[in-house]
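Asker: Heads up: the sequence lines are chains A, B, C and D, in that order.
Start counting the first sequence at 22; every next residue gets the next number (the working numbering).
Start counting the second sequence at 22; every next residue gets the next number (the working numbering).
Start counting the third sequence at 2; every next residue gets the next number (the working numbering).
Start counting the fourth sequence at 212; every next residue gets the next number (the working numbering).
Careful: at least some of the hints might be erroneous.
To be verified - With a cut-off of at most 30 Å between alpha-carbon atoms, the simulated DSS-like pairs for lysine-lysine come out as follows:
#1 652(C) / 314(A)
#2 100(B) / 362(D)
#3 309(A) / 607(C)
#4 648(C) / 232(B)
#5 362(D) / 652(C)
#6 652(C) / 363(D)
#7 573(D) / 652(C)
#8 314(A) / 594(C)
#9 562(C) / 70(A)
#10 576(D) / 652(C)
#11 363(D) / 232(B)
#12 594(C) / 376(C)
#13 663(D) / 27(C)
#14 607(C) / 314(A)
For the record, the hints were derived by calculation from the structure and aren't laboratory data.
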Amino acid sequence: MLAVGLTILQMLFVLGFAPLLSGIIKKTKAFFQSRRGPSLLQPYRDLYKYLQKETVLSEHTSWIFRITPYVYFVAILIVALTLPILTTFGMLSFTGDLFIVIYLFALARFFLALAGLDAGSAFGGMASSREMAVSAIAEPALMLPLFTMAIAAGTSNLSGIVEQVAQGGWPALTSAHLMTFVALFVVGIAETGRIPIDNPDTHLELTMIHEGMLLEYSGKQLALLTLAVHIKQLLIFALLANLFFPWGIASPAAGFQVSTLLIATLAFAAKAVGLGMVMAVIEISMAKMRLFKIPDLLMGSFLLGLLGLISHVLLRG
Amino acid sequence: MFLGNSGVSPVVTLILAVCFLVLGARRLDTVIRLVVFQAVLLALLTGILGLANGIGEMVFIAGLTLVIKAGLIPFILKKVVDRIGPRFETRSYVNRKMSFLLAGALVMVAYLSTGRIAQTLSAPGREILATAIAMLLIGLLVMVTRKLAVMQIAGFLIMENGLFLAGVGTTHGMPLVVELGIFLDMLIGVLIMGILTFRIQSSFGSINTEKLRNLRG
Amino acid sequence: MTILLFYLVLGLLLLGGLFAYSLQGKPRLSLRVGFSFALGSAVAGTVLGIIILLTGDTVYTGAGFASLPGMNRAFLIDPLAAFFILVISLVSLAVSIFSFGYAEEYIGRHNLGILGLLYNLFLLAMVALVASGNAFFFLFFWELMSLASYGLVVYDHRDSHVRRAGFVYIVMTHIGTLFIFLAFLLLYQAAGSFDFEHMAQFGRQLPAGFKTGIFLLVTVGFGTKAGIIPLHIWLPKAHPAAPSNVSALMSGVMLKTAIYGFIRVVWDVLGGGSAWWGIFILSLGAVSALLGVMYALMQHDIKELLAYHSVENIGIILMGLGAALIFQGYGLPALAMLGLVAALFHVLNHALFKALLFMGAGAIHHATRTRDMEKMGGLLKLMPWTGFFFLVGSISIAALPPFNGFVSEWLTFQSLLVLGSAPLSLKLNILGPVFGAALALTGALAAVCFVKAFGIQFLAQPRSTQAAKAKEVPRSMLIGMGILAVLCLGLGIFPSSAIQLLNPVTLHLVGYGSVQALGGYAWLNPQIPLLPNLSYHTTIAPFVLFVVLAFGVLLVYRVVKWLGHGGTRIDETWNCGGTLSPKMEYTATSFAKPIRIIFRRILLPKRVVETEYALGSHFTRSLKYEGAVKPFFEDILYRPAQNVFLKVSGKMRLLQSGSIHLYLGYLFITLVILLIWAK
Amino acid sequence: MSEMPLILLALPVLTALLSLGAKNKKTLTQISLAGAGITAGLAFWIAYTVYHFGPVSAGGRFIYIDSLSAFVMSLVATVGLTAALYSVGYMGVEIAENAIPESRLKWYYFWFYIFLFTMFLVVMVGNLGVMWVGIEGTTLASALLVGFYDKKSALEAAWKYIILCTVGIIFALFGTIILYNAALPVIGEGSRSLDWFYLQEAARGLDPKLVKLAFIFVLVGYGTKVGLAPMHTWLPDAHSQAPSPVSAMLSGVLLNCALYGILRFHQITSHSLASAYSTRLLLIFGILSIAVALPFIIIQHDLKRLLAYSSIEHMGIIVAAVGLGNRLALYGAFLHMLNHALAKPFLFFSAGNVTQHYHTKKIHKIKGAVSAMPISGTMLLLGAFAIAGAPPFNIFLSEFTIISAGFASGQYLPTSLMLVLITLIFTGVIYAASRVSLGVPPARIERGEPSKWSATIAFIPVIPLFILGIYIPKSLDQVLQQVVSIFLGGK
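Pulled out of the complex, with its shape left as it was, chain A reads as follows (with noise of 0.2 Å):
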């Protein structure tokens, strides 16, 4: 019982949470860039009134388009529910392990690919193409890190590697714990389709990756995929954030009182938002890179992860 109330819990604060850090990040932005920006509210505006909207299909779409923005959102709400974000004492904690997590972004992935690709036009074809590309590549650089951590904890199971961590306490933090990081940190950049990888802010053409996948999508439809890109870029950062940072996590051992609970709310949604800023910080310091200079940033952060994993192997003690 006490574990569907604290799935409820963490569903809620993920659905709740996911747009206003999109808000958080583009308000750092426009701090950096000294503009107002837009309220951290605009994120719930948009999700609202697309709501509203009139939904236009394409002619030419079959039911591979329609079927995807709820294939797309459930997929990553799986993962909200099993990914220790609150907690490591989820409903659903034991359907699966980091495979599974990563695997269910990549069936979100795929749909959105085939949906990009239904209505025809190049754009769509050409933002598939390049998301597939990017993510395939990202592939190995996204595992390494994992697996190391896995390694390290003896599962893959991301609750159990989160109490791992949690109990090792600080000694946790060896210099491989730090490269993993590292190099799972600039595959989040990728995940989440940010500066330097992808330009979220951006319909042209030329730059756009993730966003000509969403160019015919519409109303009601729209929002549910709005919403969950905003959900799944949460969802890295709680991987990145509790997988190597888990202070402050609400878990069995220490059992749950509300107050832990709060803190680990707290707790979650500062290293979240620190993670934002950080993000934002960066986008706003880069330029977008050539596409096909993106193998090579991820190649290097695949490196890193190696390095991570040779060090943890040789220095585990």
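Place chains B, C and D on chain A using the hints.
Answerer: Coordinates of chains B, C and D only, in the frame set by chain A:
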């Protein structure tokens, strides 16, 4: 086991010498005559051996040799040569000097290879065996180096003579039934070769076997 | 009972082939009879496989069938054999149903009697091959399988490409057989018997060098058939050349017989070996998987694309086997079991989804008369069911949850992670996760490839008139695909059923049951308790995941409908104000272009652009772009070897130059040499 | 009973003479079929007697037939019968197409039966000298058959055939004489000293050096006839130029007859010499033959030459198997002899039909035989697979036996070499066969079989090929065991 018949050795040497004469011959009819001469010598040898050892069979074979080897087979060959017109040159891949050298080397090989192997034979037996092997090899040499079909038949006959020499000289002849079979085969063989030579002449317009090089690979 | 069932399987196939052949005068009847018998046999085979796997028995039969010495067991069906019989039967069940409709297109064009005969013989050879109790029967049916499949590959022999493909196939497979034969001969020499059982008694005690020799021989031999890189060159030629139902069988099950042979020799007979064997196999697997999927991405012919994916999946299977071999080498049966289960499960899964996809390709070809993806498009609306099944296959092969491909890849990942955490050697601890990363890249690229394959073929607008005129295929073809689609999902959400069936297999091979460590009904639960320093554990629950996903979609749909306002309008796709035409769509070539550029150092693409200008160099009239990938292995390995071989042969022909004098000279020299040598 | 073998020898001669007297094609065919049928029946009956009641002799040991002789004899009878049957259709088409004048048909049958007679003679006589006469006889009888088409190429082939084989056979006779020499002190004067039966018994007492010398000459001599490399050069010419039924006979049994001669000498030699001298020599020549056949099979433009080289390969396999020397290898060798004698004529028949229909033997000019000639073309492809050693055909079984015997006796290197060569040859055979069989036939080629009869004869032999591919009947197994025992034990 063998008679110390001193009359054998000169004949054997003469037989071998004829082989060298064949290598040196320039005309086809000379070659045929030499082959006939060799056959006569063989018949002579067989006769001597048969009489000396008192083997009637061998005398009979000597007669048969005269009839077939010195009679029928040269007759067939002569027919062939006549029908395809006289040929005065015995075209060869190697010149005469070289032929002689090679043949000499082959005789050496023959002597060397029999010298130690055939321990059970008496001295003349060994000599005959060595000569026989030498004739086999020289006959083959003629077949390898001479281009005209008729010369190949001649080489074949020299080989055959060597064989005969070995049979007669070392064993007093094979069993009669075998000998008869061999003679028959020989005769038919030369006959068929003659037929083929004739057909080759009419199809290819020549009996130069160098022209028979269409089947390759 | 099981023996009778086994003979029923063989008998039905034999009769089916003969009847089909003798009825060739009446093509339609021949077709029905041929595939009915195959279907009946497939049902019997499925039952047989399941019975043996559930009871865990081993069945012997046909003693003294071959009169050669050293063979006592003609057929031996142990759980390993039964598992492969099950795989073969499940696939042939679906494919035979599919063929009823599919083969109709050959009526009047080709001899259906021959198709029926070869099809049944092919199945017969495969079933008998895995059931063989001795090496002779194994090789016999192995070659029969090659021969029957060769016949099927060149079935449409009027096309010169098909003939070429058939030739490359038969040569490669025959050379592979040579290596297998040599391995068996070495074993025979050691054991004095061709029976696998006897070989197994001696195999484990063989000296290490001997064992390694055998291991390398079977790796090359079976690797050729399985299509590991660089021995794969026949595969992307032969699979597209064959009729699609045959491609489904070839790719789905024939390649697996090589895996069977490998497991039979390396585990059952040799009992595993040193750990470096495993590293070797693991590396081979990783290279095959990665290069396989990269080459697959470059193909525009749907069947070639699928063929390269077979290379990839064989690579994944080998990765599981490699991990298992490493553990076996270290004497860790429980962990070896994990790798084996991953590999065997992937064998089953790949059989199912690859056969499904090849049938899909066949259905598309049936409807559009083309295999060129650039000519397709928009087929999902015209062929909804085919499209749906193809999507299921695509998701499965891309290893996405909740379908079966995911589970076996997950198990492979787990065995690689265990490799990373088990206290074996530091080298392996690093290699494990690195190979895991390679597998991750493979999986991701496979997803790219199937977005391309499905998206380009089925979505957007048709790119050619023949695609626009496509119609849904006959029901039998849909049923065939449907069965496999259901199985793909079923095994994806109930993987425990497969784990259950594999229990006697792993028990037999490594002495450790799969259920023992991977038990649980709804979720897989690899608890690996046997190592003192290792308490690796993790869980997934595919069934729960599926339920949540399905209900989640429904729930979200309702909620969004309830929240949202505004209706739905159908309009054309926005195209910057212009009208949309199929020519503007992304093509398969352009879709794969980023990958082609990223991996250009590996793929070595060639690029040809032909531009035709009108009115000077600024107005392009037409532009033709061609991008092909260099056949690297053929260029550096096979073609030079072939050229040298032919050149030497050509030189040798001078021996027979036609000169009788030369010939007499040979005789002469031979004699002289022998005379001199005799001294 | 004791006269039966003599009758068997007389029958082909009688048929040959009757053929010369025949008035027209129809009577000729009837005579031929009757003669071949009765001969084969009698031969089988004698063979059966030998297997069940021991060796048969006749004419005061002039004829002596043990299991080994009976085995080769039944091969001669089988191939002779099928070739006679096939000749009816084949020569019928040749005459219909004016490739051969009808008046010469009787000569064809005449030489055909003389040829058959000489082969029977070789395997039935007990005397090595008479056997030599028989083998030389086969050359003479078949030389005119090889040159039967009075074309340039046929004449050339016949000339090379007769010259090379006669030269070779002179060496064989020389070897025989030397052996006789060696036997004289042991057995004594007379024909008994040339009787292989007595020679085997007395083998241990013979002078080993002479025996060795004799074996060298016999090996080179009869080896020429068997087609052992490098004395094989006449073979592709003769096989490709002869009419297809004759090619079948040459390849199917003539080579085996000559091989039979070598085997008899080998028996004596291996008993006489303590060392494995002759065995090793056979192994070397066997493998050399396989190796020499390889490049010619890989690059071959002529369909019938390809088959001829394949014969060289298979003779090489048999000889090498004998050279491996152990019981299993010998079993495999004789099984292979049988299998090759069944498969090769079959292949020559279907190839004969195809070349006859396409009017060319050039591989690159024949295309789509399967489509143009459903039976012959398919059989050609199947036969190629059979001859290349693919299951479910019989050759696979015997090759498997030989190879495994080689490994069982620990001779890895030669056996592996053999296996590799066979595999490479496979590719060459299949390449050629698939080029010829598959694809679309040229427009000028009519669809259908030119002769129903020929097509049927080309089809029937595939059945035993299949059956022997998976199953060796008990009776055949016993026969082979008996032959091997004879071969090893001399009894």
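Asker: A separate judgement is required for each hint: does it hold in the structure or not?
Answerer: Consistency of the hints with the structure:
no., hint, in the structure
1, 652(C) / 314(A), "52 Å, violated"
2, 100(B) / 362(D), "23 Å, holds"
3, 309(A) / 607(C), "29 Å, holds"
4, 648(C) / 232(B), "27 Å, holds"
5, 362(D) / 652(C), "29 Å, holds"
6, 652(C) / 363(D), "26 Å, holds"
7, 573(D) / 652(C), "20 Å, holds"
8, 314(A) / 594(C), "15 Å, holds"
9, 562(C) / 70(A), "15 Å, holds"
10, 576(D) / 652(C), "23 Å, holds"
11, 363(D) / 232(B), "10 Å, holds"
12, 594(C) / 376(C), "18 Å, holds"
13, 663(D) / 27(C), "22 Å, holds"
14, 607(C) / 314(A), "21 Å, holds"
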